[in-house]
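Put chain B on the given structure of chain A with help from the hints.
Number of protein chains: 2
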Amino acid sequence: MDVHARLSGVRAGGGWGVTGLWMDSSTPLPPLPHLSVLFLLFLVAPGAWAAGYKTCPKVMPDMLNVHLVAHTHDDVGWLKTVDQYFYGIHNDIQHAGVQYILDSVISALLAEPTRRFIYVEIAFFSRWWHQQTNATQEVVRDLVRQGRLEFVNGGWVMNDEATTHYGAIIDQMTLGLRFLEDRFGSDGRPHVAWHIDPFGHSREQASLFAQMGFDGFFFGRLDYQDKIVRKAEREMELMWRASASLKPPVADLFTSVLPNLYNPPDSMCWDTVCADKPVVDDPRSPEYNAEKLVAYFLQLAAAQGHSYRTNHTVMTMGSDFQYENANMWFKNLDKLIRLVNAQVLLSNALAWLSGSKKDFIFCRELNISVCPFSQKAKSFQVIIYNPLGRKIDHMVRLPVSKHVYIVKDPKDAVVPNDVVTLSSSDNQELLFSASVPALGFSIYSVTEVPDQLPRTHNLQPKFRKPLPSILAIQNEYIQARFDPDTGLLMEIRNLERNLLLPVRQAFFWYNASVGNNLSSQASGAYIFRPYQQEPLPVSRWAQTQLVKTALVQEVHQNFSAWCSQVIRLYAGQRYLELEWTVGPIPVGDSWGKEIISRFDTALETEGLFYTDSNGREIMERRRDYRPSWKLNQTEPVAGNYYPVNSRIYIKDREMQLTVLTDRSQGGSSLRDGSIELMVHRRLLKDDGRGVGEPLLEEGSGSWVRGRHLVLLDEVRTAATGHRLLAEKEVLAPQVVLASGGGASYHSKVTQVKQFSGLQRELPSSVHLLTLARWGPKMLLLRLEHQFAVGEDSGRNLSSPVTLDLRDLFSTFTITHLRETTLAANQLRTSATRLQWMSDMGTGPVPHPSGSQQDPAIITLQPMEIRTFLVSVQWKKDS
Amino acid sequence: MDVHARLSGVRAGGGWGVTGLWMDSSTPLPPLPHLSVLFLLFLVAPGAWAAGYKTCPKVMPDMLNVHLVAHTHDDVGWLKTVDQYFYGIHNDIQHAGVQYILDSVISALLAEPTRRFIYVEIAFFSRWWHQQTNATQEVVRDLVRQGRLEFVNGGWVMNDEATTHYGAIIDQMTLGLRFLEDRFGSDGRPHVAWHIDPFGHSREQASLFAQMGFDGFFFGRLDYQDKIVRKAEREMELMWRASASLKPPVADLFTSVLPNLYNPPDSMCWDTVCADKPVVDDPRSPEYNAEKLVAYFLQLAAAQGHSYRTNHTVMTMGSDFQYENANMWFKNLDKLIRLVNAQVLLSNALAWLSGSKKDFIFCRELNISVCPFSQKAKSFQVIIYNPLGRKIDHMVRLPVSKHVYIVKDPKDAVVPNDVVTLSSSDNQELLFSASVPALGFSIYSVTEVPDQLPRTHNLQPKFRKPLPSILAIQNEYIQARFDPDTGLLMEIRNLERNLLLPVRQAFFWYNASVGNNLSSQASGAYIFRPYQQEPLPVSRWAQTQLVKTALVQEVHQNFSAWCSQVIRLYAGQRYLELEWTVGPIPVGDSWGKEIISRFDTALETEGLFYTDSNGREIMERRRDYRPSWKLNQTEPVAGNYYPVNSRIYIKDREMQLTVLTDRSQGGSSLRDGSIELMVHRRLLKDDGRGVGEPLLEEGSGSWVRGRHLVLLDEVRTAATGHRLLAEKEVLAPQVVLASGGGASYHSKVTQVKQFSGLQRELPSSVHLLTLARWGPKMLLLRLEHQFAVGEDSGRNLSSPVTLDLRDLFSTFTITHLRETTLAANQLRTSATRLQWMSDMGTGPVPHPSGSQQDPAIITLQPMEIRTFLVSVQWKKDS
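Protein sequences, first through last, are from chains A and B. For the first sequence, the numbering used here gives the first residue as 747, with consecutive numbering after it. For the second sequence, the numbering used here gives the first residue as 747, with consecutive numbering after it.
Note that these hints are calculated values from the structure, not bench results. Do not rely on the hints blindly, as some may be mistaken.
Treat identical chains as interchangeable: a pair holds within one or across any two.
Below, simulated SDA-like cross-link-like pairs (lysine to any residue); rule was C-alpha separation at most 20 Å, straight line [unchecked claim]:
1) 973 <-> 1371
2) 1023 <-> 1474
3) 1081 <-> 877
4) 1023 <-> 877
5) 993 <-> 1578
6) 973 <-> 1381
So here's chain A without its partners, still in its complex pose:
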């Protein structure tokens, strides 16, 4: 590159009233008190006089003006052919489709008038133009007229400089520029030349550009040594005298080296082909980054500005074939401009948002005995909320320190409590039974008794081989007995119904398929695929220990270093609780493992078992069978697994063994009389379905604790047990802690310590599915008949049930009631569905409507859910 003169400054005014834009080289850079970010535009002319500059954004004379140039660089042929680039063919070679770029840019420009864009390659633009409607062409003319779409360079292509003949350069520039002249007149006439990609800039090219009337010339590539010197000397802009023969200034050309080739700054590429983080300006988002980004940008702009002599600097926001989805770029640029030019506000907003939550303490890790608050506080309140329509008794368990505590109920009466030491750690848990009214809460207070050590029920690991005496736990309803040889559960007895069922329960593991020759499909996040169909026992026996207190009886079983279980009976409880802890599953033997808990009985189940469908109706399952086609069973285990969201059961003509889960698990009955549930999995291979990693959690995800509730009952009454227990398990009470012990608590005389939202409990068959605020004086109410047809023949709970809603609730009276469809978005009376004739012969049936009497007296049919939008009058106290 031949440079004959240094740029020194002061642009010629020529009587046009142009103020000085370029400073004399002796003038130091002005301080940068503020920073203004504008959209594109090249040569900022405050008192603009050339037609094309009239539409320029205003600049700030006392600021560093950063010109964000939204652009795309579209090679007219490179790795693909011109047509492949234009249409977006062979995107496997390079993702590039110019037709979409132009579509998308026009659309983004129309969406927001402050946006601007430059376009360069007329070979592509003309192809696109010819495919547009007259209306679109008119819109584009408007954008060009307004300077929102600006052509730069404007040749047919951005020609190479090193290897081209001047005749060809002139021809291709003429071709492109004529296209623009014919379509847009002087509005579309490029004012600057733009050779961001060519390397090895020739003097002749500059001379030709000058003779074509360009005001300036921007390029990206130059010798790295040259660039270092120019940045240091602030000679990134220069006047190029590009001919030894032509009389100055005919071949003089203002030339500017772009700061970053033609790319956007690091971390600020917001194109579909980039992976930079977009601007997240919502401070509530966990991904919020606006403040950091602005700080980074300011630093960047200031640094860049130092390589140029004026208070103007360009940032090229775009690159090769970018803006195929222009909205991505513009949306983030819009935000950046707004953020940088003004939303200080952001940090204020953040401050405002912080610390808004207080008072209540939610201990989310109670199931693993972690709650720093209750472990430290000397006194606190326990608020227990019960969302059910019936009163419950709930055993509260809280991690505490090694002390004696006094627990008082809402009426200030002392209730019995225990402090037990956990087998798995040195931690203690406080136990007490709380009673909570229907749709309400009770507040219990807990106070440490100073200087007194508890007579804790020490469960430190003093496990031993099972003794030759029979271990048993028992309350008024249930007895569970354990095998003296193995320590495993051996027998369950329902004392109330006088039922006895030998039940052997233990843990097993399937070795997971790793995707080898024998089975190409690996077991993974999506696929359960055992390598062998027969599971192996985790251990053939368990070390056991018995714990009995007034509140609880427990047998602790230790199967291995990573598998243990507590089998528990609280006083008054009609089910056996199995709390298992599994993990981290060892995989040092290179086998991924899928752990099941299996119950084996002698019930003659004839291949049948039952699982819930989303916790509501019950589905009959038959081993190796599908109701709608003849199954070719290729997976004897996995092919018989079904989702268990709340329960799985087996039965014979007399007895039913039901296992309720506290979470969704896979389950099956692979042999008659058997139930199994998968409790944990740890796998070494990805199953190739998209997650891209094996199910190989580390840390807190590597072990799990859960509960299985086991009911033994007669078949005809079993539904009462599992329906009501499942309801309590799914909508278990929320336990919330609050500071303030006995002392401070008493001072607040108005505090309500117990409350029920209902005037009376709901019938057993009715489940209060939803009661939620829908508006200031509006509630959403859903009532469900939770028994299926014929399910309960004992207490007749499968019959229709009628309910009077009028005085049911304690805090409001219902003034108006409108029944809706299930999701509450349509009134039931006006809801219409397409109705289909089927060969079941039901024919068109009118949509069932509400009852005819007082609309607040409602009848629920078995399994029916009725949904109401309820207008209410709040009672004074509430």
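Showing chain B alone in chain A's frame:
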């Protein structure tokens, strides 16, 4: 999945005037006489009665209706978090940004009213909605009202079915549907449930959907065995009785299995994340595929339709997180619909376009002696067009068969010709010298003389070691002598000027850097990086053979199996022509090779050499030097290479040795008195700059043939030689063949056999750069002074030159003449450029204007190009 009934057909009319849409199962599929492609929408209701169906597109009762459902599937959390998916963060994990999807879909829907789209996940939609302006929200409401944007499913998420509790399902559906109800009322109410991704469909989910009032349910995943049966039995659609307790049809649900999970058909994914070929409907494009695509689509649709009982079938056009750039999808769907539903016309258009070119034969491979036409024809015409402003003599060379030919000039006079056999093959070439007037053409005729074998100058490879006698070729201007030991060029003599210069010319190769420890940068498409700085000789000597005829004298040099050269002098030629043939370059030794032709002389050039800048002005180059910074030379060879587009020369005070190239090549002078040009490269490594492959051409790209024209002259007159020769070389005559030999030719009495567009030749210093049609009575004219200031001191060709354009041209008279800037897009008088003050002290200078006399009498300053838009009056004859 529990299916209680087969779908049989006939939708209930219910007095609404609905025509039968579903047929009875016993009715066979209707024939498919036509095919109509519609946009999306699910349950097509011709006499629509539910609010949401009013806006459905019309269906064709007698056709297979293919419903193209434009959709995106947006997991609310999967590999990324919800916010990461929404904003498009961590696109390296998965490319997905829902904010852009919704932006883009709305914008695409607005662009074209026939487009429709469904959206599902309200967790995302609500996030997006809250960030929109009131105006945008209003626009979206309109789209929803018109059915152009339709919500389906409409829950907060598309919930999993296998592991979820029904209470949670109801809650999340309620949350999403309420959002829609509040914003859009019944317009936004989803009519169908849409669970395209969940696997393991639960009966309860269907029951809940029915109770929510959905008219139908679409899903994608089912057991592969189930699907096979359903397709065969045409049970892909069914009525699902989803409750054992609820009274039918409360829990009955029309359910449809989508044909292709939820993906588009193969090869029809037009999203930014896909690489399928877009619809190219322009038959002129080499990528045209519309016809094939339509045929494929028809076949596909017919096959798919056979799995369903009605004449309706769905194609899901979208997939995971698609439509981030909705325009891509819609643009191609628009085209597909238009093409399939009508625009037969295509094949017609193709036919119409074919065979439009005729008569003239362009032989584009003359330089490698390939032209099937001239090789077969017994007689033909040779039209030679000369674009220069001066008459030329041109040696025509055409491949012919082994015969004797008679060649006649435009005046029917016989001209001498030779037939020579080529050294590189068994082919013959016909040679004759043609004279062509300025800006005109001459037509020569060639006729085979039957039954006569030529006395060919056989150049079959009978090469021999050089003889101990001095080989020389010579015409009236030039003599070239060859070294008897090596066969290399040894000496050039300019007989006219009495100059003698010992010149040794040979071929060498640089071994290319492969990017190892020594030099991490490999030589490749972008980078020339020799591993060693000293090139190795291809051969130290050449086998030679001398050929002399009346028309040409040639020395054939054979350096190796892949490198040969013909050094040639035609009669009357002032330069030596070196035609080299190089390739395929052997790389079996694992070295990439870069081949140069090097001229070594004893000229004392003091580190200086000269190259052209884009074929126009000449740049002085100094070895290991840059004019604008102190160079740290790290690449002694590559760092001294410069582009040579037309010429490179060296000189001392007396003599100048100029080499003209026939193409752009890299060149340098790495030692005083030396010139080298790179003629070919074959490399084994990619240089890592984006092409992604090494420069390792196979086939026709593996060998090259080119020419170097060597001029030896006095320095003061050298410019005349190389300027005029370069002009002839760059704008060499176009040789076009036509059928019709002497006989048929004579019958066309009116045919012009010689023509010149100029009344007189242009002065030597004036180059006719452009004469091109600009409009019906308008031409673009560029005239160039092709000498630089002071360049020619011999004939004074560097002086300004004045030209009278008024009667210059033979076919038109100039009626008006407007001077423009170089690219002809601005009038020169009104053109304005920003003017810059520099410390060169030129100050503001008015833009040079045309001369003051008759505007058609123009003066050209050295190196000046003047551009005119010329209005013309065509003369009668032309």
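Hint check results:
| no. | hint | in the structure |
| --- | --- | --- |
| 1 | 973 <-> 1371 | between (75 Å within a copy, 16 Å between copies) |
| 2 | 1023 <-> 1474 | neither (44 Å within a copy, 57 Å between copies) |
| 3 | 1081 <-> 877 | between (33 Å within a copy, 12 Å between copies) |
| 4 | 1023 <-> 877 | between (35 Å within a copy, 18 Å between copies) |
| 5 | 993 <-> 1578 | between (85 Å within a copy, 17 Å between copies) |
| 6 | 973 <-> 1381 | between (67 Å within a copy, 17 Å between copies) |
In terms of the numbered hints stated before, the structure departs from hint 2 and from no other.
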